[in-house]
Amino acid sequence: VVVATALVNMYGKCGDLDEALHIFYRLPGKNVVTWNTMIEVSASQGQGEEAFHLFKEMCVAHIMPNKSTFVSLLSACVNEENLVEGKNFHSCIIRSGIICDAVLDTALVTMYGKCGSPRDARAVYDAMNACDVVAWTAMMAAYIQHGQGNEVLLLVHKMPTGVLLDNVTFVSILDACAAEGALEEGRLMHALVLDSEFFSDVVVGTALVNMYNKCGKLEDARSAFDTIPKWD
RNA sequence: AACCGGGGCCUG
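Counting in our numbering, the first sequence runs without a single skipped number right up to 232 at its last residue.
Hint data in this document are derived by calculation from the structure and do not stem from the laboratory. Just so you know, not all the hints are guaranteed correct.
[What the hints assert, rightly or not] Here are the simulated DSBU-like pairs of lysine-lysine, each with C-alpha atoms no more than 30 Å apart in a straight line:
1. K214 to K158
2. K56 to K13
3. K56 to K67
4. K158 to K56
5. K87 to K158
6. K13 to K67
7. K67 to K158
8. K56 to K87
9. K56 to K30
10. K87 to K67
11. K158 to K217
12. K30 to K67
Work out the full structure: start from the sequences and follow the hints.
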């Protein structure tokens with residue numbers, strides 16, 4: 001079963017879903033990891049409906065889904081922009097008694113954000129026990145997608161304590177600052193960038209240049225541009 | 001021992 005599951009994963013990730021399904025359906029004794037793998041590769045290949053269908057079959061087979069199962073299903077909801085299924089899986093999670101961790105909660109935040117319900121995303125986010133940089137970034141991304149730049153800037157001042165910002169977070173916030181013309185928060189981020197290991201990151205640097213340009217600070221944009229070494 | 005979460009530009 002372990003080897004067959006690895007095969008399903010390999011064929012699925014390589015884009016041959018038919019071969020993955022062929023092995024999957026002929027395999028006796030499938031366990032929860034086997035089902036998760038098939039669901040995940042279906043979702044990652046853009047076959048969300050297949051993933052939803054597999055989940056129903058999984059339930060019929062009395063295999064109990066776990067956190068990984070739902071993370072994959074939620075990403076399928078994101079691809080399909082299917083809020084109805086997303087809410088359905090959310091209630092499945094609650095009913096199943098699974099204790100959410102940061103990974104699952106972040107998948108929920110992302111799903112609600114991408115499926116058009118930043119309000120629900122925020123409710124999940126606020127209820128999180130262990131909020132980390134990734135969840136925080138996902139929450140801001142939800143607001144950014146819906147043009148709620150003000151909410152992003154409010155969140156910037158409520159960053160989780162004791163965490164280091166990463167390059168993904170810097171770019172997200174700087175883009176929001178650019179869209180909002182929020183020079184104050186932009187300069188704050190610039191200071192944090194200079195203190196971080198990303199001070200010479202080309203992607204972060206691009207976001208800084210863009211932010212200063214959108215804020216009308218062309219000289220600052222130019223000096224940020226000139227600060228980045230090995231510009232290509 | 002096999003499966004799982006966030007961003008800009010480009011490929012679009």
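Does K56 lie within 30 Å of K158 when you go C-alpha to C-alpha?
violated (40 Å)
Given pair status - K67, K56, alpha carbons within 30 Å:
holds (16 Å)
Hey, K214 versus K158, does the alpha-carbon distance stay inside 30 Å?
holds (24 Å)
Proposed proximity, K217 with K158 (alpha carbon, max 30 Å):
holds (26 Å)
CA of K56 to CA of K13, is that 30 Å or under?
Holds, at roughly 22 Å.
Holds or violated: K87 with K158, Cα cutoff 30 Å?
Given pair K87, K158 holds - Cα atoms ~27 Å apart, limit 30 Å.
Please work out if K13 and K67 have their alpha carbons no farther apart than 30 Å.
holds (20 Å)
What's the verdict on K30 and K67, does the C-alpha distance respect the 30 Å limit or exceed it?
holds (17 Å)
For a C-alpha distance cap of 30 Å, please report whether K56 and K30 respect it.
This hinted pair holds, its Cα atoms lying about 15 Å apart.
Hint consistency between K67 and K158 [alpha-carbon to alpha-carbon, up to 30 Å]
holds (28 Å)
Satisfaction of hint between K87 and K56, Cα-Cα up to 30 Å
holds (16 Å)
CA of K87 to CA of K67, is that 30 Å or under?
Holds, at roughly 16 Å.
In summary, the one numbered hint that this structure violates is 4.
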